[in-house]
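So you can see what is in the structure, the chains are spelled out below.
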Amino acid sequence: MSDLQALKGKYLAGIAAAADEGALEELRLAALGKKGEISLLMRELGGMAPEARQAAGARLNVLKDEIDAALRARKAGLADAALDARLSAEWLDVTLPARPRRTGTIHPVSQVMEEVTAIFADMGFAVAEGPQVESDFFNFDALNIAPEHPARQEHDTFFMARAADDPRPPHVLRTHTSPVQIRAMQAQGAPIRVIAPGRVYRMDMDQTHAPMFHQIEGLAIGRDISMANLKWTLEEFFSAFFETKVRTRFRASHFPFTEPSAEVDIQCSWVNGQLRIGEGSGWLEVLGSGMVHPKVLTAAGVDPTEWQGFAFGMGIDRLAMLKYGIPDLRAFFESDLRWLRHYGFAAGDVPTVHGGLSR
Amino acid sequence: MKLTLSWLRDHLETEATLDEITYALTDLGLEVEAVTNPAAKLAPFTLARVQSAIQHPEADRLRVCIVETDEGLKQIVCGAPNARAGITVVLCKPGDYVPGIDVTLGVGKIRGVESHGMMASERELELSDEHTGIIELEGGHIGQKFTDWLAEHRPEVVDPVIDIKITPNRPDALGIRGIARDLAARGLGLLKPLEIEPVPGGFPCPISVTIDPALKAKGCPLFTGRLIRGVSNGPSPQWLQQRLLAIGLRPISALVDITNFFTYDLNRPLHVFDAAKVKGGLHIAPAKGGEELLALDGRAYTLRPGMMLISDDEQPESLAGIMGGEHSGCTEATRDVFVESAYWDPITIAATGRALKISSDARYRFERGVDPAFTLPGLELATQMVLELCGGEASDIAMDGAVPDTRRAYKLDPARVQSLVGMEIPEATQRATLEALGFVIEGNMVTPPSWRPDVLGEADLVEEVARIASLTKLKGRPLARETTGVPKPILTPMQMREKAARRMLAALGYNECVSYSFIDAASARLFGGGQDACLIENPISSEMTHLRPDLLPGLLAAAARNQARGFADLALFEVGPAFSGGEPGEQQLQATALLVGASAPRDAFGSRRPVDLYDAKADAEAVLAAVGAPTRMQITRKLPVWWHPGRSGAMALGPNTLCAFGEVHPRVLRDMGVKGPAVAFTLYAEKVPFPKLKTPTRPALELSDLQAVERDFAFVVDARVEALVAVNAAAGADKGLIESVRVFDQFTGDKAEAQMGAGKKSIALSVRLQPRDKTLTEAEIEAVSARIIEKVTKATGGALRS
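Those protein sequences? They're chains A and B, same order as listed. Using my numbering, the letters of the first sequence map in sequence onto residues 1 to 359. Using my numbering, the letters of the second sequence map in sequence onto residues 1001 to 1802.
Don't read these hints as lab results, they were simulated from the structure. One or more hints might be untrue.
To be verified - Capping the alpha-carbon separation at 25 Å, the derived lysine-lysine pairs in DSS-like fashion look like this:
#: 1; chain 1: B; residue 1: K1411; chain 2: A; residue 2: K295
#: 2; chain 1: B; residue 1: K1288; chain 2: B; residue 2: K1002
#: 3; chain 1: B; residue 1: K1473; chain 2: A; residue 2: K245
#: 4; chain 1: B; residue 1: K1475; chain 2: A; residue 2: K245
#: 5; chain 1: B; residue 1: K1617; chain 2: B; residue 2: K1638
#: 6; chain 1: A; residue 1: K323; chain 2: B; residue 2: K1499
One chain only, chain A, in its complex shape (with noise of 0.2 Å):
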């Protein structure tokens, strides 16, 4: 048995010395191979008497796998070592920058958009939409604004050209997104609650007018909805979008197709130069509303007997403007890219009530 021991020694001591992959293998053969030393002892146990047998082979198998470990561990050990030794060359300058990838952006009037759909959706209000060229009938007539009324001269409407031959009025571009509260009401009738984002267009540029900018139309029709449900679903509006508490403050206004009308002012303050909402004992006005005309209902075929509600329409642009401080109305349309890359939002700040509306 002492055979044994020696046995072990002499390979535990060769495994702890050799200096590489080959070196183990040669070492593996010589003692575990076909024709190594421990497994030609293996085949004498043939020979043995049983009792003998049974006690040298278990005395051999424990040899075995000792000697296997031994060769597993130094081969592991080998291989670490040789690895430490590559990455020890390995370095790459970190600072480098990466790889370029460019970095999209949303335009802040499709974010707000979103922003305000979200809100009103959670509200029960669904999105609907109508043409961007409107007959005068859906932008005027049908809205109770009479063709010569002076109502009609204070939209700066832009009109289509009209071929000589044509002798209906000319079409216009919508100067305000309330002609989907007609078709809407054309196609759905009541009870109906929608917004209507979209486009629109008044004849006029200056320093805070641009000809064409966005307007969010909505429209609430039901048995006995009045204008204390429009003051709370905007004041509900409000603060859901400015992310603060926000009162309202109606005041008398005139439109031809609400009746009574009120054009609705937020609460602000100023800073500093810096417009706070929600806060402070200043007004800003952001909105004309109001109860939806009776003749309006009539020409869009709902009963007004029958049916009331609310109607209001607001700026989303202004919207953007105060709730993410964009100073100039103008720029959201020159596509400057500093501009683009400043104000816009990223592709995945997908707006959502359950989330929040803004990071």
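Mind docking chain B on chain A? Use the hints.
Below, chain B without anything else, positioned relative to chain A:
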């Protein structure tokens, strides 16, 4: 509409402050746009008395004054020649801002003598141009506020001017009395009674008036007037001039100023004719067309048939209800004046005014609606004032027609205020409000006053009540949801598609633009537009004359502007409407993306290369996938002219082009000033079919445990054979077995032609075979390979590359 506080007080007896009045006005729907309070800039100045004035030791023209002020004696150096002991002066102290010289005073030293403030001239306080000396005041006491002294002695210079935006439904508020009536109804004072004393005529009116029967029916139901003879028409008195000046009108002469006064005071436009110039009677008739009239604005107008015209026996004299004629206008020499007060139909006036592009205070008011019942009372008041200011003797009244009957009544349902507005207002208050506004109530029927043409239904009564009560008091009430439970999605599939395309484009690194829907004619024509159907009749500039036929011109223009700012590499997109015509609905939703310049900035890895067709195609495919387009489409070369003829393609399903992609035509780039290369793609969002059956369930996942086999093939084909032909042919070789065919290489160009022959290229395909029921044998693989080679060579006319 401008008015001064003191003018308002002519009609309103009130203790209310300026702030209370302006707040109430805005709240009532008479939105105050500006308040100019001249007293504000004079607020710091007080009265003082010069005790002594002695010669400055160092300067001939200066005096050293000791001045008695509310803060004791002060030494002030003054250069005014009238600075002397005993006069009462206006004192500006150190720290005060003096508006006329734009200086905030400090304690100064003038030629060695300290001066504690200054005594002001009128010009220095912006009261007038007077600057020959300092102000000397009558009366007043030391320490009195200068503004108080002014209010007492010269109220007009501290009279606040209020500018109100009058909505088109409120013509009555175009008269100061109408504004006062609203304020009185709100409880801010009492509306003073308006006394109208008819002036008896002393002689028959020598000028007869007749209205054409057609106009009497519609256009001019009532025309009144009278002659006042022996007037003297000089400048109007100071008070009247100041009133008009304060609201921005130029005083002209007493007679003209009187008409302007009543226009603003009572919304009663009038006209005055120099009777000496009027031959015979005045005839109010529709124009035949072609008549010319030189109007008081100095411009000549040619009338169109049907426009209302006032003529005498010889010639046109006045554009009815809009502007008088130069010929019979009043001058300083006018001795006999004919004063006209008529009622003109709003629609007729509006149409004429717009057709002739003529603006006047009269048109502005008549087209909104003046009080028809006030026609004759207005004439009486005007007669009175003419007699007072210009003297003379009034004739009988000449008149044709009658006050049109505008009486109508609506039911007052007190509960309606509650149900429509949501405010609880007692019925008695509602009735009192309406009566204060001049409505007449009999039982529960309410008749609007003749000056409120806007009130046309029950809802208008509700508005009046709520408006006067103040909508500020409105309390919000929750709007109950229409349904219970989790709300259903509210976006339409197309709205979702628009959103998905936008988010994907941004995720791919493009910056979203929102450009104008109208572009210039030349750009529109480059993109198949510019036709007359898309022409805007009244464009705001020559850059915005046509509806855009496509989104690409807007993006290219944006690219050119950004390149001019030094940004050469751009990735821009827009999702929005393009217009194929000028009828409602002739608009299509496009998602268009543009890549210009290089794919990346210069970097350490050599990433930078010019953008090419395949960049655009890759992004187009990503966006198509995002909107749910089918994965397999035909690729054609049928594209409009703004694409590069050989380097662009269209992804189509049958006749429907879903997406165009490729290089923008270099000529288009040149015309639009963009430095290339530029590639783009346009997704025609509405052309992408929606799935026929919408179900969230996915088809079962079929996985095979059997080893897939990949085999590579290279074919030599003509240089213009499209890879897709080879791919489709290969895929068709065994549809059950072939899972995918991929192009993994192509070899083109001079080297390729040197090897394979002129006009040839090589395409390399990798075919993946996925057995379903048993592992493929070598023989089976060989058989499939042979079929692939046969199909591809047949379809392409090429050969397997050896």
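Cross-check of the supplied hints:
1. K1411/B <-> K295/A: holds, 17 Å
2. K1288/B <-> K1002/B: With a Cα-Cα distance of about 38 Å, the restraint between K1288/B and K1002/B is violated, given a limit of 25 Å.
3. K1473/B <-> K245/A: holds, 19 Å
4. K1475/B <-> K245/A: OK: K1475/B and K245/A at ~15 Å, within 25 Å.
5. K1617/B <-> K1638/B: Holds, because 16 Å separates the two Cα atoms, which is no more than 25 Å.
6. K323/A <-> K1499/B: Holds, at roughly 22 Å.
In this structure, only the earlier hint numbered 2 is contradicted, and the remaining ones agree with it.
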